[in-house]
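Following the hints, position chains B and U against chain C.
Residue numbers (numbering that gives the first Met the number 0), protein chains in the order written: chain C, 0 to 307; chain B, 0 to 216; chain U, 0 to 626.
Hints are computed from structural coordinates only; laboratory data are not their basis.
FRET-style restraints, in silico, Cβ to Cβ:
1) GLY59(C) with THR457(U): 36 to 44 Å
2) VAL105(B) with PRO252(C): 46 to 54 Å
3) ALA67(C) with THR457(U): 24 to 32 Å
4) ARG555(U) with LEU280(C): 24 to 32 Å
5) GLY11(C) with GLY512(U): 20 to 28 Å
Below, a list of computed lysine-lysine pairs in the DSSO-like style, where the Cα atoms sit at most 30 Å apart:
6) LYS54(C) with LYS399(U)
7) LYS320(U) with LYS54(C)
8) LYS27(C) with LYS49(C)
9) LYS53(C) with LYS320(U)
10) LYS243(U) with LYS52(U)
11) LYS29(B) with LYS29(C)
Where a beta carbon is used, it is the ideal one built from N, C-alpha and C, also for glycine.
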Amino acid sequence: MLSMTFPVLIHGAMVCLLSPFFLGVIAKVKAFFSGKVGPSILQPYFDLAKLFRKKCVYSGTATWIFRAAPVVILAVMLVLSLMVPFGRFKAPVQFSGDILLAVSLLALSRFFMILAALDTGSSFEGMGASREAFFSCLSELALFMNFITLALLTKSISLSQMIGADIPMSWEGLEPAVFLVVASFFIVLLAENCRIPVDDPETHLELTMIHEVMILDHSGVDLAYMLYAAAMKLFIFSGILVSIIIPVRTGDPVMDMAIFLGGMTGLSVLVGIVESSMARLRLNRVRLLLLVSFALAFFGLIVTLWRA
Amino acid sequence: MTSWIDVSCILAVFLALTILATNRIVGMIKIFALQSFLLSLVPLFLHADAISGRDILLSGGTMVLKAVLVPTILFWAIRHISMRSEIKPIIGLGTSILCGAALIAVAFWVSLSLRLPGKLLSSLVLPCSLATMLLGFMTMVTRTRAITQVLGYLVIENGIFLFAISLYDAMPVLIEMGILLDIFVAVFIMAIVLNHINEEFERTRGSASRAKWGESS
Amino acid sequence: MEKILLGSWAVPFGEFSFKLDPLSLVFLIAITTLILCAGVYGFGYMRPYRGKKPLGMHAFFYLILALALVLIVTANNVILFLGAWEVMTLSTFFLIIFNDEKSPVRKAGFIYLIASHCATFFLFLMFFLMAHAAGSMDFDVMARSDFSPALAGTIFLLSLIGFGVKAGFLPTHIWLPYAHPEAPSHISAVLSGIVIKMGIYGICRVLWIMRVLPNWCGYVLLMIGVLSGIMGVLYALGQHELKKLLAYHSIENIGIIALGLGAGLLGRSHQVPFLAVLGFGGGLLHVLNHALFKGLLFLGAGSVIQKTHSGEMDHLGGLAKTLPVTSVLFMVGALSICGLPLFNGFIGEFIIYFGLFQGLLGLPLHGVIFCSLGILSLALMGALALACFSKVYGTIFLGKPRTGLKGSSHASLKEAGDLSGKSTAQESACREETSKWMLIPMMVLAGLCVWIGLVPRTVTGFTFFGGAYLAHVDLSTIPLEQVLMPLTMVIRMAFLFLALILGLIMIRRLLLGKAPMPIRETWSCGFAQVSSRFQYTSASFARLIVELMKNALLLRRHGGQVAGVFPGKTQLSSSVHDASEEMIFGPGLAFLNDFSKKLGHSRIRYTQIYLMYILLFLIFLLVWKLK
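Chain C on its own, in the form it takes in the complex (with noise of 0.2 Å):
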């Protein structure tokens, strides 16, 4: 037990105080194709850190649900980050099937995100709402396609297993679908963490929005929170399609963290050009988008039955 409890706790801190830091390197990367200098690398800290300090205004409408919704929701990207391999590191737990665990905690997070945008009885978090629950059928489709995939190729349903901590993947021997399997994981990326072409994080008009939308009445420490968890879960989710891109290992630990941090934040300058170049879809095209992420996905299973 002892010797499990520190790589916990490094993983939990590692998540804990960098997962902010990829949110500044998007938003600069974004200022730099608009022309402008930018808020500072570190200006999610600073943000953090003044909601922190502020107090909660709450709705009369809203009940205990509003309270829970943004603990539940940080407490599951906590945990989920300890099933996560980050590079070379593996998860500091995993087990057969953690996979399932894994997408049934996004869905509680999801549940109580819906729940506490209806309980304000506002329309427009209900809009957000309707929309979330719409989008997450359409995302679980084309990542639990991609867990299938993935699970055929490395016979095993351990997230650790299946993404890169155990894979001898070079780019000698790279199997084609899992070229298709990280188009597909890049578009549900995109999806879950609401950015662009999915959802704007920028704006805060409602016609545009789905997952900002949702959390208009959260202040204080709930809002801190809540946008903590955010950043958390494209941490989560940038962990793990990096895992499977960097199949590098050199052996040495400083060197491999190097690489997994290097690939992190090229990842996230990814993210922040496709944000600046592409314009954000109308919501009935992002249905398509995701369609077209489960065909990818299909196509990679159906590539990878072909080859066995």
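Chains B and U in isolation, oriented as in the chain C frame:
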């Protein structure tokens, strides 16, 4: 390298699926150009260890014809008839994406029982080229504008090209060049014909039945 | 596995023989728990009817139903089984039509009765085929005999139809959405939690008796599970009325159970015993889980309907403030049914998923395709169920009340319970929580849901035992540790999760300080004077998903046309119609109706027809026996 051929096969199918899923003509033409560019590199991958002049000629020729000239002609045709870029497909885009995925599955399933003489460098070539052809067919079937049907036909040609190039090493260059010329001429004629159709429509614009530009009968 | 022979019976071929085996154990646990809880609830629910309606008869049929259910799962003889099945059908019919002064209730009851009897015809056929091939009416003897593949396939199909109607498989499920809303709430809970499962029990019993089934049977069962599950939850998303939505949701859960059983059957046919045990075990565990959380949800719905006299979700809202305990218990039910961690639904679905992934890695190509289809449809069902229940919970319990419904007795609204107009008593009753007779069974069920979710070892024992019994494998040869170890890790993660929640709450309290937080109006971008009618209704919440599948769901919109420069009041409503009812059974039954009317108009008088029948039968007997 074997794996690069695999990658290009898969990317060809991926791009064909993206053409099926897009509803903007400009985007479709650009994706087609990218697909042709990728496929024109395949002869170089095939003989990566011993690249001959023939390969470079074939590659370059395909690239110039299919990745540069044909898209230019298509862009010119679009600009000339000044059509709106919005396309309404017959079945919804979501359904056509799912049908496309199903067609890919069908292509792979059919390839299981197709036994070919000769040795293929990569087992993915046959199913992927078949899938590209089927996706091109699907594009032709589900769209209403003539330009997009031309694009569907071109995607089919890309699929055939991928298959032919990878299968027979000993195929004379002349035949390949002939095929390419065929395509070039076909597109040229199509562009002209479209032009005429649209000129006809322009003259009859004032009449009661407001026909949509660029639509084939 | 004792067989208790209670002596012979005067009925030909019948014998009073019972047997308790691991399969019936799972069902018995579900039956006893739910019947007990629903009974206590019913006692409180029916209190307002005292003196006005014959409650004693209702209680009589309830107890007969309990007896019939226990008889069904322990019967070891065909005639006993069929007799108990009939008693169950009849007693449920009388329980459903409790409010029989209303014609929708009578119609629902008749549809239920007719559907059940049509199905029982197939059951008779199937059992007689089995008994003829085995030479005895005893289940044990039948289990020991061999059946030819063609006969086995036919029996399997007949059982799917016969038991499938009762279970609520997709094309034949049409009685469910009628019967559940019209019955009193505790009867709906028993219907949905137990009576439907008797169909599943029948299929399990047939699967146990036929030890060797052709391979395609597993695929068929899996596909039925996929179809029922997805269409069930899509129909549920389109409903406005609470109990009808829960009824369609039961169809989805039956789909999940069929999926698990199909996977188990695949494992049994392809000789992958781990998959077989996991699939069957997961399906049986879901039987138990569903009885618990669906019972809880229906009982909660009953409380809501009793307080507000309406099941229309779009008229409700904000009930979490007036019914705080009920809302928490309903939340437990909703979390369980969506398969979210910490609750029992997750454990059952985890086992089924695990089995399907094992099938993915171990089966040949066909099996891989069907297993991936199973996994994808489970994922889709989970996401759609999440959407559905967030819609239900959000519309009923959260937000502001959409109409001034509570405390008033609007005669124009759909009344699920007939409380006559003592308005002042109602108004005071509506301010308070439901009575404790109704709350305590709900708390027991919710407690069981949480208990199974956090300590699954208590149930995995007997469910895997039952699964192995169904799969005809020896449990000791199965590496059960492969699935129990992950479950233990899941529970550890669950406790870590709870600890983190507590920690974060304490941090928040520390940061915010002791003073109470200010309470204001909802901000929502500074919109002032928002009426409660602006809130998202259940139809608008589900609109995105329902409109995606509007052809399959037969979505119809009525009204909504706004005309003129100063338009007056308009109304917009949308409804989802059941395709199998409108396209298969409706026209089919109408055709049968016309045909029989035409037959009835024939000119020949009745006596001659009967004489002709007797003559024909006499000739037939002579020819058959003398040749």
